[in-house]
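Student: Below are the chains, spelled out letter by letter.
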Amino acid sequence: MNRFLPKSLEGKLALAALCLGFLALFGDPYRGETVKLPTRDLAWSSQQADRIGATELADRLLSGRTDTRMLDLRSAAAYAEYHIPGAENAPLAELGTGIGEYPLYRNETVVLYGDDAVATAQAWLLLQARGFRGSVLLDGGLDAWKNQVLFPALPEGTAPQTVARAKAVAERFGGQARLGGAAVGDAAIAMPKVEAPAAVAPAARKPKRKEGC
Amino acid sequence: MSAPWFKLGLFGDEASLLVAFLIGIGFGFALEHAGFGSARKLTGQFYFTDMTVFKVMFTAIVTAGLGVFFLGWMGLLDLSLIYMAPTFLAPQIVGGLLLGVGFVVGGYCPGTSVVAMATGRIDGLAVVLGLFAGMFAFGEAFPAIEGFYHSTALGPKTLPQVLDLPYGVVLFAVVLIALGGFAGATWVEQRMAARDRAPGEAVEEAS
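Protein chains in written order, with the working numbering: chain L, 1 to 213; chain D, 214 to 420.
One or more hints might be untrue.
Unchecked claim - Residues of chain D placed beyond 12 Å of chain L at every Cβ, according to the derived structure:
| # | residue |
| --- | --- |
| 1 | W218 |
| 2 | G222 |
| 3 | T272 |
| 4 | L284 |
| 5 | G313 |
| 6 | V314 |
| 7 | G315 |
| 8 | G324 |
| 9 | A339 |
| 10 | G352 |
| 11 | Y362 |
| 12 | G368 |
| 13 | P379 |
| 14 | A391 |
| 15 | F395 |
What the hints assert, rightly or not - Which residues of chain D face chain L? A partial, calculated answer using Cβ under 8 Å:
| # | residue |
| --- | --- |
| 16 | F271 |
| 17 | G381 |
| 18 | I390 |
| 19 | L392 |
Said to hold, decoys possible - Once the Cα atoms are required to be at most 27 Å apart in a straight line, the calculated BS3-like pairs of lysine-lysine come out as:
| # | chain 1 | residue 1 | chain 2 | residue 2 |
| --- | --- | --- | --- | --- |
| 20 | D | K370 | D | K268 |
| 21 | D | K268 | L | K7 |
| 22 | L | K12 | D | K254 |
| 23 | D | K268 | L | K12 |
| 24 | D | K254 | D | K268 |
| 25 | D | K220 | D | K370 |
By construction, these hints were calculated from the structure, which means they are not laboratory data. Cβ atoms here follow ideal geometry from the backbone N, Cα and C, with glycine treated the same way.
Chain D with its partners taken away, still in its complex shape:
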């Protein structure tokens, strides 16, 4: 049986909602289990004291990348049917910066804010409310920014296409970058911990 199952018609729209619900529960559980329900852990990323976000994200990238590659290679997954978000370069850079600012200020990204809210955290609830307020403001302002929203459209792009390299070479490079990143992140964490412990310097409050 080849995947993606929904697009190949193994189940219909109603069943797909159930599948999405189950995947969402699993996703939320994984985020909470990784400690991503805590704003302190998440924002530690931006102060280089806790690189868990970086490690989890790169682990996800490497796992998904290898999984998709080998499933496609084995004929279990049709890569051409996987949805790829199209690239709108300038608006996506601006959107990414906005999301980053919101992440630092609020302490959560959209997914983790819902996880935090589900575990009863007030700050999580505040971020979710802010998220909806932002969506509303965006919707109201959309006619004014529509031109920019659709600008610099590049279509669905993959790294192998952009770099004109074989898929496997790019994947291997990503794996190497991720492994190097893990080592670097661990090193940075140890450096920051050592600095925090160093005599004569202000010791941060234990979180």
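Just chain L, same shape as in the assembly:
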């Protein structure tokens, strides 16, 4: 065996460098997974393509679409207190490391919301980077959901059809439309019980083995 080892110190060091260099072929010194981001898609997102309005989300849920998933990025306690019916709790830290824990599919619309706009945007970028191009942000977060869907303020003179629709939607999610009143900006009005319309929660699915086409 020793016959193959270089005798000089320089030779031994050179052999060590060669072995380490060869090993480097299989390594990655950057921590975490490296991903490529489509910059053009990101540029598009500045045109609001990365957002969904609260009323639009409500319409989607009421129409029974099953391709919409909602991730609540807040803490488990805030989630337990109230969440949009059907939303799953997925704190940002978990999304970063264990996205595989959430059986998301790339052909779904993943709606992200939370109480921190920056954290929510980070989650969105994370999902985009992982190839979940259908992920969108709930425009205005949970406050918009509260003000536009649960307790929408309908000024005097709103068309009766619109009023009726807003009332129906608000009641469906356990809220109440406010005629001629200001938007509910504070916590004066209690959020409805989580269970209110339980029907829209997507049924548990078996994780698919493979994604994509």
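Please arrange chain D on chain L, whose structure you already have, making use of the hints.
Tutor: Coordinates of chain D only, in the frame set by chain L:
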């Protein structure tokens, strides 16, 4: 504990000066120990009679490259926090040529001139004085050359980025180039020594 320690706040600005001082002493000691306090040894590089500079520099590149790579791989070093000098292609080529000319003429590069001065060499002192004179001239002329100084900016670039190759592949290639370079340098040294010893040719004075 992950590195770089200064950027991650393990010690502050004052302590960092002490650390820099200690690293500087170590650097100077290593240069002097490698014989880089001698202008003859350094300039031998340009006459292919002494390839020590080449070997030391490539050893440093390979050692640092492998070290940084594996420390990053093991999670002990955050590569994204390491400062990388941004590339200004044209000014850096001109600057490199100027430094090379100064190296051949003066016999020292900036670091080794300080090492030579510290060991009492007059030529080292002369180069250090020239270095400061050059810095002064550069500072005075800066408004005139500022446009060129900031031209062809490419930002911080790494070889893996430029070549669009995996980091490990580039590192392995650098190691292979270095090892080939060592062998080639040794061969060149032997050739030059043999030529110098050859009968009928002028024998250089022993340094």
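Student: Hints numbered earlier in the text: which of these fail when held up against the supplied structure?
Tutor: Of the numbered hints given earlier, those the structure breaks are 3, 4, 13, 14, 15, 16, 18, listed in rising order.
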